[in-house]
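A.B. asks: Below, each chain spelled out in residue letters.
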Amino acid sequence: MSRGDDDPRAVLARVHRAEHGALIGALVRRFGDVDLAEDAVGEAYAEALAHWPAEGVPSAPAAWLSLTARRKALDRLRRESSRPARELEGLRLLAPDDLPLGVVDDDRLRLLFMCCHPALAPDVRVALTLRLVAGLGMAEIAAALLVPERTLAQRLTRAKRKIRDAGIAFRIPEDADLPARLRGVMTSIYLLYNEGYLSHGERRGVRDDLCAEAIRLARLLTDLVPEDAETRGLLALLLLTQARRDARVGTDGLVLLADQDRERWDRASLVEGLDLASDLVRAWSADRAQGRFELMAVISATHVSAPTAHDVDWDTIRALYNRLATVDPSPIVALNRALAGAQVVGDDVALAEIDALHLETYYPWHVARGHLLRRLDRDAEARDAVVTALSLATNPLEVAHLGALLREWDDR
Amino acid sequence: MRQYMLSVIHGDDDAVPPGTDFSEVVAAVDRFNAALQEAKALVFAGGLQPASSATVVDGTAEETVVTDGPYLESREYLGGFWVIAAEDLDGALQWAAQGSAACRHSVEVRPFQDEAE
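Quick note, the sequences are listed as chains V and G, same order.
With my numbering as the guide, the letters of the first sequence map in order to residues 25 to 436.
With my numbering as the guide, the letters of the second sequence map in order to residues 810 to 926.
Treat the hints loosely; a few may be bogus.
Pulled from the structure, derived: some chain V residues nowhere near chain G, Cβ distances all over 10 Å [stated by the list, open to error]:
id: 1; residue: Ala-37
id: 2; residue: Arg-94
id: 3; residue: Leu-180
id: 4; residue: Asp-189
id: 5; residue: Glu-198
id: 6; residue: Arg-243
id: 7; residue: Thr-246
id: 8; residue: Val-273
id: 9; residue: Ser-329
id: 10; residue: Pro-331
id: 11; residue: Leu-383
Here are some, though not all, of the chain G residues that point toward chain V, as calculated from beta-carbon distances under 10 Å [stated by the list, open to error]:
id: 12; residue: Arg-811
id: 13; residue: Ala-895
id: 14; residue: Asp-923
Residues from chain G that face chain V, not an exhaustive set, calculated with beta carbons under 10 Å [what the hints assert, rightly or not]:
id: 15; residue: Phe-831
id: 16; residue: Asp-899
id: 17; residue: Gly-900
Hints are computed from structural coordinates only; laboratory data are not their basis.
Built from N, CA and C at the ideal position, the CB exists for glycine as well.
Okay, chain V solo, but in the shape it has when bound:
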């Protein structure tokens, strides 16, 4: 099948998004050097831009990029071969694949475990994952993690040097290390999904490629440790969120869960997510504390399994949030718990709980206050809260939604 009709830049952008982690991973596996892998893949992209417009897009663009990147890496190694150890290393690594294959053989998963190694600081693990596995640009990562670009670049350079110098391995950890290592990986996948779901870096606000990659990685993890409930909780949570993707964007930006057209939810993701979630609940017992992703998945399942927004079982949701708050005592969870609880304990009590959190720099806090104040007929304060939220929000869908909300309130 010829893809010559496609715009070469568009094809390259698509392959980059879908395959960046696999391209980097394959080179790190072969050459054991993250910088070399990044440079070589970057050169392969440049080569594609130089040749594809004139010569046409190859029939298998990903394979073309993979081969080109490998050749670029070899060229680089040969140029540096005045250092004999390097040359030997390069030749040794060119030997047929002698890596022991784990339960799951996937370069992206290996890359993920390497990026999320506990010997690296937690903030840098996410940055490395976004850079190497998802292929995000520095500006996007800096915006997503709320750090200056220069600081980010320094942290990434230091982390890559440590990976090389300390010998952080490119492989799936051994069984004994796996449970502890999984937590870090799951957190990174969750953050990766969130960045896709409410992107900081893109005009259209949703990055399907990041969402798809996060779900793919979460699914791989469940294959790796099928007995781990928390891993299935993460997958269920992501699927149930993804199912609502089309319904949550309307002409005025984001559509709140309560206002979404439930007919537009994606059946396949919904069914798979709900199946996973009900399996989790069936296996719950008093002698094991549930993980945060399990609880979030079941909260999400409780929301979406109601036939309409008016039939949501708020008592169950409140109880699940109470448990979640003990597992994850963050103010963000406390905010969501209070908001969900408004239906049970009343808007005034919920507002008092939320006010006590003082999350002034977090725009959803202002949005939550706005809605509760409005329901309590304190319209002027409600409007102020949403105006403040609007000044803090960066995602275009969120901005459009809040703008529309203000107009709607002003009209009445």
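Assemble chain G onto chain V, guided by the hints.
C.D. replies: Just chain G, lined up with the frame of chain V:
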């Protein structure tokens, strides 16, 4: 194989936490050393006398200067170390966890430079 230095960090003259049976610690460290040897992972190991026994020599100027005491005044000093060989950092961290449990102190893991560099 790569080589790693596992450094035992403790307060000056504070070989083991108070109330510890010292002979138990010695026996545990002996067992750990034997395990390292068994796995052919041991390159070299040693325990150091307290930092108060240190002498600093500065031969960078024309006249060599000898002074009493450790190089840096610190609340924590190197108490001993192992040099081990491991496949990668994960291997070194597993040994470090066992070494730390045996000597009852935190252990810092640091890679040696490649021999070629």
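A.B. asks: So, for every hint listed, does it hold in this structure?
C.D. replies: Comparing the hints with the structure gives:
1. With 10 Å as the threshold on Cβ separation, the claim that Ala-37(V) sits away from chain G holds: the shortest Cβ distance comes to roughly 35 Å.
2. The beta carbon of Arg-94(V) sits about 23 Å from the closest Cβ of chain G, which is more than 10 Å, so the claim that it is off the interface holds.
3. Distance check for Leu-180(V) against chain G: the nearest CB is about 18 Å away, which clears 10 Å, and the non-interface claim stands.
4. A Cβ of chain G approaches the Cβ of Asp-189(V) within 10 Å, the least distance being about 6 Å, so the stated non-interface status is violated.
5. Look at Glu-198(V): its CB is around 7 Å from the nearest CB on chain G, not clear of 10 Å, so calling it non-interface is violated.
6. At roughly 25 Å, the least C-beta separation between Arg-243(V) and chain G is larger than 10 Å, which holds for a residue marked as non-interface.
7. The non-interface label for Thr-246(V) is consistent with chain G: the shortest C-beta to C-beta separation is roughly 23 Å, beyond 10 Å.
8. No Cβ of chain G approaches the Cβ of Val-273(V) within 10 Å, the least distance being about 43 Å, so the stated non-interface status holds.
9. The Cβ of Ser-329(V) sits about 42 Å from the closest Cβ of chain G, beyond the 10 Å cut-off, so the non-interface label holds.
10. Taking the minimum C-beta to C-beta distance to chain G, about 50 Å, the non-interface status of Pro-331(V) holds against the 10 Å cut.
11. For Leu-383(V), the condition that its CB be more than 10 Å from all CB atoms of chain G holds, with the nearest at approximately 36 Å.
12. Of the supplied interface hints, the one on Arg-811(G) holds, with its beta-carbon coming within about 5 Å of a beta-carbon of chain V, less than 10 Å.
13. For Ala-895(G), the shortest C-beta to C-beta distance to chain V is roughly 8 Å, which falls under 10 Å, so the interface hint holds.
14. Satisfaction of the interface hint for Asp-923(G) is found here, the shortest Cβ-Cβ separation to chain V being roughly 7 Å, below the 10 Å cut-off.
15. With a least beta-carbon distance of about 30 Å to chain V, the hint placing Phe-831(G) at the interface is violated under the 10 Å criterion.
16. Taking 10 Å as the C-beta cut-off, the interface hint given for Asp-899(G) holds, the closest approach to chain V being about 6 Å.
17. At about 8 Å, the closest approach between the beta carbon of Gly-900(G) and any beta carbon in chain V falls short of 10 Å, and the interface hint on this residue holds.
The structure shown violates the earlier hints numbered 4, 5 and 15.
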